[in-house]
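Q: Residue-level listing of the chains:
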Amino acid sequence: MHSDAAVDRPRAAWLSGLLPLALLGAAIAVFLALGAPGLERRGIPVEEVAVANTVLLPGEIRLELRNDGPDSVALAQAIVNDRFVPFTQSDAAIGRLEGAEVAIEYPWIEGENYEIALLTSTGGTVVAEIEAATATPQSDAGFLGLMALIGVYVGVIPVAIGMFWLPFVRRIDTRWVQFLLALTVGLLVFLGIDAMLEGVELAGQGPQAFGGSALVFLGAIVSYLALAGIDVWVRKRTETARAAGRGGFALALLIALGIGLHNLGEGLAIGSAYSLGALALGATLIVGFALHNTTEGLAIVAPMADERPSLVRLVGLGLLAGAPVILGAWIGATAYDASLSAFLFGLGAGAIAQVVVQLAPSIRDRAGRVLHPLAVGGVITGLALMYVTGLAISI
Amino acid sequence: VGTVDPSVNGFDPQEILRDFDWGTTRRTATGRTIREWELVAQDKEIEVAPGVKYAAWTYNGRVPGPTLRCREGEDLRVRFVNGSAHPHTVHFHGIHTAGNDGTPGVGRGNIMPGESFIYQFGAEPFGFHRYHCHTNPLADHIAKGLYGAFIVDPRDGRPEADELVLVQNGFDTNFDRTNEIYAVNTVAFAYTERPIQVKRGELVRLYVLNILEFDLVNSFHVHGNFFNRFPTGTSLQPVELTDTIIQGQGQRDVLELRFPFTGKYMFHAHVSEFAELGWMGFFEVVD
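Chains A and B, in that order, give the protein sequences. With this note's numbering applied, the first sequence closes on residue 395, and no number is skipped along the way. With this note's numbering applied, the second sequence closes on residue 1287, and no number is skipped along the way.
Please keep in mind that the hints were generated in silico from the structure rather than gathered at the bench. Treat the hints with caution; some may be incorrect.
Covered stretches of chain B, as calculated for chain A (at least 3 residues, CB under 8 angstroms) [claimed, not checked]:
| no. | region |
| --- | --- |
| 1 | 1027–1036 |
| 2 | 1165–1174 |
| 3 | 1275–1285 |
Just so you have them, the derived chain B footprint on chain A, three or more residues with Cβ under 8 angstroms [as the list claims (entries may be wrong)]:
| no. | region |
| --- | --- |
| 4 | 81–91 |
| 5 | 115–122 |
Every residue gets a Cβ at the ideal spot worked out from N, C-alpha and C, and that includes glycine.
Chain A with its partners taken away, still in its complex shape (with noise of 0.2 angstroms):
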């Protein structure tokens, strides 16, 4: 009896937890069983429907909409460039929330800009521009391969000679280690810059229906929450066997994830650009990215100055940084989305604000302070050593 009645409790507790929600459930029906009764609709229905992705094959312009507003919008016309042309769509009318895809059948032509309006069944357009026409790529083997040969390039080859700093990292004083981890934060906070504004710019030009710049925001507290309760997840299990301070690989794993994610954004970029076709891929902007990404490369190794890690560790080390890059470029080129893109974006500067709260220990100086004058020194070459690498890239 006694233990029963123990039981009973929690579950009770749980049931009253679900009244509120089973109210909520029941007044909903009824209002809508009513018709939402005493409310009436003021005015034309607000069509708001986004561009989220213009896709150019021979003889053909396709857009990939999204209904951003409250209403269902259809659409009745197709002008390109003020000509009415015919066109197939994939839903006659498209509903909150929903996407839907139009085929244009025109003999675009290459490098020219066209402007396309869609007419709705009320009259409102709406509006995509395209500049410089090209063709978008398709995701052949070749292409794929394409992708990989520049991740590669921008990615996992720049990351991989920056380790090579690891023997230099090992011999130097530690007073000169700690200035390296401080040019490390520095690094690290300009690509957390970098993330930010790229997503939220992102997330500017996309459809807004889920959400816009909050995804960035919200991509980066999840990732910074995700992480801080991953460390002291891992810290508890190794607790034993590491009896002081933070396991330098353990920091090196962290900081090549938050790059790794970071570098997914870049991928997105690239692949992209590529795919609009307003990316110039010249020698100039592989050697920029391999620049700006060999101090990455200096960042992973900086907190191993005291350890002796495997050839396999540090390579995996490596392409955890570096190799996302590919996969950003595949996804960004053949299943582009901006909302998407965005949160991946916030996703990577939540998880590079984590590694530099888990860096700022490592950089403190024997009275405990963090931000003295050598690591100050340190985080300003960072910044200024990112920007400048930063400046022979242009997307």
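Dock chain B against chain A, hints included.
A: Quick look at chain B alone, frame taken from chain A:
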């Protein structure tokens, strides 16, 4: 893409072509003819291109409004009833007194919703004219559909012909002060879908009026033929033989031609942008 079912709008561009409203007449003791019409302003949603609805303001439920036709020298009375939710007027192009001009602030000025007014004036000069609402903002009151053709026949008439009214108009469906859709007699591509049938060798008289707002010029060009041009229709002598005319806002011409061959002949605005946004059609010449 697609077609507009005339039953949706309640008027058919094919019928507007040859639909002349002579009104009703009576004779006074002194032998003068009094010709009377009624125009009712109505707010009405119309389909201007397949699937594209436009909240128009109309005279008698159609855009363009009825083609009012009379003879030089008659006494005209137009009873205007404002059944719209907005103030309107009817402003005729012609020679008349200030109080019958349909201008806001002059005479009765604006006719408020639910009110009515009888415009009275003489049918002069003979020619091809127009009428439209003159309430401010003027461009909007015209562009939304309150206009129509007004024909004053010469005292002795014109030669027998197959007569067609072509009102060049357009619609700014998204309210950005430029037109999304261009047409003759309102429905984009109506005469591409269903060509205008004319007989080979028969005299065809076109009453071409440009009522377009937001664009400064419009034009008319016919394929495979030339026509005699009578600007504003106020002379019985043509001024030129040509195949393309330019018309500013409110300008109109009477054009006469005969088709020597059978087949389909395109006509369109030679402002090609307008043509591809709806202002093109065909004459189908048959024996």
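Q: Each hint should be assessed against the structure and marked as holding or not.
A: Okay, the hints, checked on the actual structure:
Check result for the region 1027–1036 of chain B against chain A: violated, 0 residues qualifying (beta carbon to beta carbon below 8 angstroms, three or more required). Coverage of the region 1165–1174 of chain B by chain A holds in this model, with 3 residues showing a Cβ closer than 8 angstroms to a Cβ of that chain against a need of three. Only when three residues or more bring their CB closer than 8 angstroms to a CB of chain A does the claim for the region 1275–1285 of chain B stand; here the count is 3, and the claim holds. Coverage of the region 81–91 of chain A by chain B holds in this model, with 5 residues showing a Cβ closer than 8 angstroms to a Cβ of that chain against a need of three.
Figure legend: the region 115–122 of chain A, annotated as covered by chain B; annotation consistent (5 residues with Cβ-Cβ distances under 8 angstroms, at least 3 required).
Hint compliance for this structure: hint 1 is the single one not met.
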